[in-house]
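Student: Protein sequence lines correspond, in order, to chains A and B. Position 27, counted from 1, in the first sequence is what this note's numbering calls 27; the numbers after and before it change by one each time, with no gaps. Position 165, counted from 1, in the second sequence is what this note's numbering calls 165; the numbers after and before it change by one each time, with no gaps.
To be clear, the hints were calculated from the coordinates, so they are not data collected in a lab. Where is the CB? At the ideal position from N, CA and C, for every residue including glycine. Honestly, I wouldn't trust all of these hints.
Simulated restraints on C-beta separations [said to hold, decoys possible]:
| id | chain 1 | residue 1 | chain 2 | residue 2 | range |
| --- | --- | --- | --- | --- | --- |
| 1 | A | Asp255 | B | Pro222 | 49 to 59 angstroms |
| 2 | A | Asp34 | B | Ser278 | 13 to 23 angstroms |
| 3 | A | Glu59 | B | Thr242 | 42 to 52 angstroms |
| 4 | B | Asp358 | A | His354 | 31 to 41 angstroms |
| 5 | B | Arg273 | A | His354 | 40 to 50 angstroms |
Here are the simulated EDC-like cross-link-like pairs (lysine to aspartate or glutamate), alpha carbons at most 20 angstroms apart as the crow flies [to be verified]:
| id | chain 1 | residue 1 | chain 2 | residue 2 |
| --- | --- | --- | --- | --- |
| 6 | B | Lys397 | A | Glu371 |
| 7 | B | Lys31 | B | Asp355 |
| 8 | B | Lys74 | A | Glu259 |
| 9 | B | Lys255 | A | Glu371 |
| 10 | B | Lys397 | A | Glu259 |
| 11 | B | Lys397 | A | Asp2 |
| 12 | B | Lys141 | B | Glu213 |
| 13 | B | Lys397 | A | Glu247 |
Listed below are the residues making up each chain.
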Amino acid sequence: MDFSLSDEQRMLDETVTRLVADRCNPEQRRALIDERSATPSPLWRTFAELGLLAMPFDEEAGGLGGDGVDLMLIMQALGRGLVPEAYLDGLVIPGTLLARLADDSLRERWLTPLLAGEHQLALAWHEAASRYDIDTPTTRATRNGDAWRLHGRKQVVLNAPGAAALLVTARHDDATLGLFLVPGDVAGLQRHDYATFDDQRASDVELDVALPGAALLANGDTLKTALDETLAMGRAALCAEAVGAMEVACAQTLDYLKERQQFGAPLSRQQTLQHRMVDMHLYLEQARSMATLAATSVALPAEPRDYRVAAAKAYIGEAAQFVAEQAIQLHGGMGMTDECSVAHYAKRLILLDHALGDRDYHLDTVMDRLEPVA
Amino acid sequence: MNLAFTPEENAFRDEVRAFLAEALPGDIQRKVRRGQQLSAEEHVRWQNRLNERGWLAPGWPVEHGGTGWNPVEKHIFEEECAAAHAPTVVPFGVGMVAPVIIRFGSAAQQRHYLPRILDNRDWWCQGYSEPGAGSDLAGLKTRAERDGDHYVVNGQKTWTTLGQHANMMFCLVRTDPQAKKQAGISFLLIDMNSPGITVRPIVTLDGAHEVNEVFLDDVRVPVENRVGEEGEGWTCAKFLLTHERTGIAGLGHAKQALRHLKDVAHHQTHRGRPLIDSSGFREQIARTELELMALEVTNLRVLAAARDGSTPGAESSLLKIRGSELRQRLSDLTRRALGPQALPFFADFLAGDDDGLDNQADEKQALTAAVSAQYFNRRKLSIYGGANEIQKNIVAKTILGM
Numbered sequence: 001m002d003f004s005l006s007d008e009q010r011m012l013d014e015t016v017t018r019l020v021a022d023r024c025n026p027e028q029r030r031a032l033i034d035e036r037s038a039t040p041s042p043l044w045r046t047f048a049e050l051g052l053l054a055m056p057f058d059e060e061a062g063g064l065g066g067d068g069v070d071l072m073l074i075m076q077a078l079g080r081g082l083v084p085e086a087y088l089d090g091l092v093i094p095g096t097l098l099a100r101l102a103d104d105s106l107r108e109r110w111l112t113p114l115l116a117g118e119h120q121l122a123l124a125w126h127e128a129a130s131r132y133d134i135d136t137p138t139t140r141a142t143r144n145g146d147a148w149r150l151h152g153r154k155q156v157v158l159n160a161p162g163a164a165a166l167l168v169t170a171r172h173d174d175a176t177l178g179l180f181l182v183p184g185d186v187a188g189l190q191r192h193d194y195a196t197f198d199d200q201r202a203s204d205v206e207l208d209v210a211l212p213g214a215a216l217l218a219n220g221d222t223l224k225t226a227l228d229e230t231l232a233m234g235r236a237a238l239c240a241e242a243v244g245a246m247e248v249a250c251a252q253t254l255d256y257l258k259e260r261q262q263f264g265a266p267l268s269r270q271q272t273l274q275h276r277m278v279d280m281h282l283y284l285e286q287a288r289s290m291a292t293l294a295a296t297s298v299a300l301p302a303e304p305r306d307y308r309v310a311a312a313k314a315y316i317g318e319a320a321q322f323v324a325e326q327a328i329q330l331h332g333g334m335g336m337t338d339e340c341s342v343a344h345y346a347k348r349l350i351l352l353d354h355a356l357g358d359r360d361y362h363l364d365t366v367m368d369r370l371e372p373v374a
Numbered sequence: 001m002n003l004a005f006t007p008e009e010n011a012f013r014d015e016v017r018a019f020l021a022e023a024l025p026g027d028i029q030r031k032v033r034r035g036q037q038l039s040a041e042e043h044v045r046w047q048n049r050l051n052e053r054g055w056l057a058p059g060w061p062v063e064h065g066g067t068g069w070n071p072v073e074k075h076i077f078e079e080e081c082a083a084a085h086a087p088t089v090v091p092f093g094v095g096m097v098a099p100v101i102i103r104f105g106s107a108a109q110q111r112h113y114l115p116r117i118l119d120n121r122d123w124w125c126q127g128y129s130e131p132g133a134g135s136d137l138a139g140l141k142t143r144a145e146r147d148g149d150h151y152v153v154n155g156q157k158t159w160t161t162l163g164q165h166a167n168m169m170f171c172l173v174r175t176d177p178q179a180k181k182q183a184g185i186s187f188l189l190i191d192m193n194s195p196g197i198t199v200r201p202i203v204t205l206d207g208a209h210e211v212n213e214v215f216l217d218d219v220r221v222p223v224e225n226r227v228g229e230e231g232e233g234w235t236c237a238k239f240l241l242t243h244e245r246t247g248i249a250g251l252g253h254a255k256q257a258l259r260h261l262k263d264v265a266h267h268q269t270h271r272g273r274p275l276i277d278s279s280g281f282r283e284q285i286a287r288t289e290l291e292l293m294a295l296e297v298t299n300l301r302v303l304a305a306a307r308d309g310s311t312p313g314a315e316s317s318l319l320k321i322r323g324s325e326l327r328q329r330l331s332d333l334t335r336r337a338l339g340p341q342a343l344p345f346f347a348d349f350l351a352g353d354d355d356g357l358d359n360q361a362d363e364k365q366a367l368t369a370a371v372s373a374q375y376f377n378r379r380k381l382s383i384y385g386g387a388n389e390i391q392k393n394i395v396a397k398t399i400l401g402m
């Protein structure tokens, strides 16, 4: 049992933490959001130069072979800065699927430039009726000789506006699940772009596209296994991001309580507020434990991995909501304003629960698999 | 980073498990499992077995008879003891007065008392709380006035756990009423058979006689029974509060309670199905399981830090708050799982009488007969050792700087 970081991990942590501090203060962050385009930002290029984009991929795929703890450290640091870069949705999730499923020529065309920071990707899987289930899309894939026709509508495709290509889930005629690579500029793809409440970019996507035979990345069980692994990693990453954001929300709230004078004394002298602040801190520490549990579980066999990751995501959904709501409450009226930094942390903490299955969804998983009576 | 136990730690766990399987007397195990109160003889019998194996005093330095275990090994030992339904070692001698004597006592005190603690010749109780001094312990009023080679002690102590079995009490007394609150306190070792001591039972809401009031009326205590200097009793008391707090989350007990809860919910029927399959109740079990998982990792983080040389400080307060809440929640769910069967109060059974149940009762019923008593008993977890509200004050002050 060992909770210490390796020297490499400590260096990674320092590197990302320093980068976030230097390049993503609230004004810089606002500028990053305002200046977003279809191509990667200068900050993203710096990520590439520092090796951060290669970190979460196997060496065999051109990556640096980082593990769940490396990813945790990166996501925690990004969470502290609310960094408006699609590290998870534009890189880790689609990249992991490509690394697992794509052949050499597709890797060369899409994965190599992804790791070099030349473009980003996105996974298109939400649909009107799918909620958090990834394996029951209504988007149809029809075989047409050597080619494919994809027809359907995807919703809330995170990072689609910044993606050179989409990985699209679809259902074959025999109901098997398939995953397709769809270049962003293909005829018959229509994007409706918008911002999310927590300053991400997303699109609803209409698809009526013709694709070459090689666009099919994988089917059925092979695909399901790769999706489960990838989503587990993504969920663990979100847990870590939440911990980073909770740290800052707690710290800002504590600072505010010490500074804000009412009734002739700092608010931090009020015992009710002290105890509330302790409750936030308790949730933060328990969330940190759960994020650590998730990060060290992503390489386990499917059953313990999914159980622990679901438990962590369910717990952290609740913890993040408590911290977010109390951060607003303890900031009083200020916490309600767009100008107040903590409000942005609160929005992210609430809405990251809506990514890759929320607390209710994952509690359901825990309930289904509740460890039997010994 | 690796959350799994090492092969050495797992081998140690196997060794503890094998010892418990062989050494824990069946009659004692059955009582613990059923939640019945143990007699003094049963406590002592078990503690003698531990002492024979050299495992009674894990927290002591090896030269005084300790085991030399690190905090992780101590945790494994406690967890396995709870899983095996072994009695909790009565902490007042081994876990409380002994570390104070080792740290602050004279060589003569160490020579005299430590062996008697190890072989269970002395049963210690704690004379801390008073009717007017609970969370505000330094407000204690029991007076000790010097008279030649003796102190003459007058006052009242309360919440004296298992004091009915004790022949010795370690006691905080006020030796200097002029000094400021904490400064006038001394730490005395008092023979419970001294003239002037009266022990009166306090029956708690679970029907148990576990705690007592102790009245001290002109009790003469030799000056040589003072630990540390006069007026330095508060230092001893504070030392105890930070000593050996790694087990404070009660994780082994919580895990055992969760197993019991699942077992009860599995055997109870709700609308024709096992209660555990009813979604509302199952969700509540799942939520406590999440809390337990989180607390276990937090506890391991603190243990690993302690093993690697850092002193657990206010983290102990976090573990105490969340650990007590979790165990209370588990006892609450187990009581609710029982439905109407939570109502009967079999006082004799709870006090340890084997025939105290209805003679139709089988062992399955015996295993749930103490559930309501335990629910009420567990209310104490958020009160003793510094109420949870006090723990929050400590965290606010020491960690958050508020």
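Student: Could you run down the list of hints and mark each one as holding or not?
Tutor: Quick rundown of the hints versus the structure:
| no. | hint | in the structure |
| --- | --- | --- |
| 1 | A:Asp255 / B:Pro222: 49 to 59 angstroms | holds, 55 angstroms |
| 2 | A:Asp34 / B:Ser278: 13 to 23 angstroms | violated, 52 angstroms |
| 3 | A:Glu59 / B:Thr242: 42 to 52 angstroms | holds, 47 angstroms |
| 4 | B:Asp358 / A:His354: 31 to 41 angstroms | violated, 54 angstroms |
| 5 | B:Arg273 / A:His354: 40 to 50 angstroms | violated, 33 angstroms |
| 6 | B:Lys397 / A:Glu371 | violated, 39 angstroms |
| 7 | B:Lys31 / B:Asp355 | holds, 12 angstroms |
| 8 | B:Lys74 / A:Glu259 | violated, 43 angstroms |
| 9 | B:Lys255 / A:Glu371 | holds, 12 angstroms |
| 10 | B:Lys397 / A:Glu259 | holds, 16 angstroms |
| 11 | B:Lys397 / A:Asp2 | violated, 29 angstroms |
| 12 | B:Lys141 / B:Glu213 | holds, 15 angstroms |
| 13 | B:Lys397 / A:Glu247 | holds, 18 angstroms |
Checked against the numbered hints listed earlier, the structure breaks hints 2, 4, 5, 6, 8 and 11; every other hint is satisfied.
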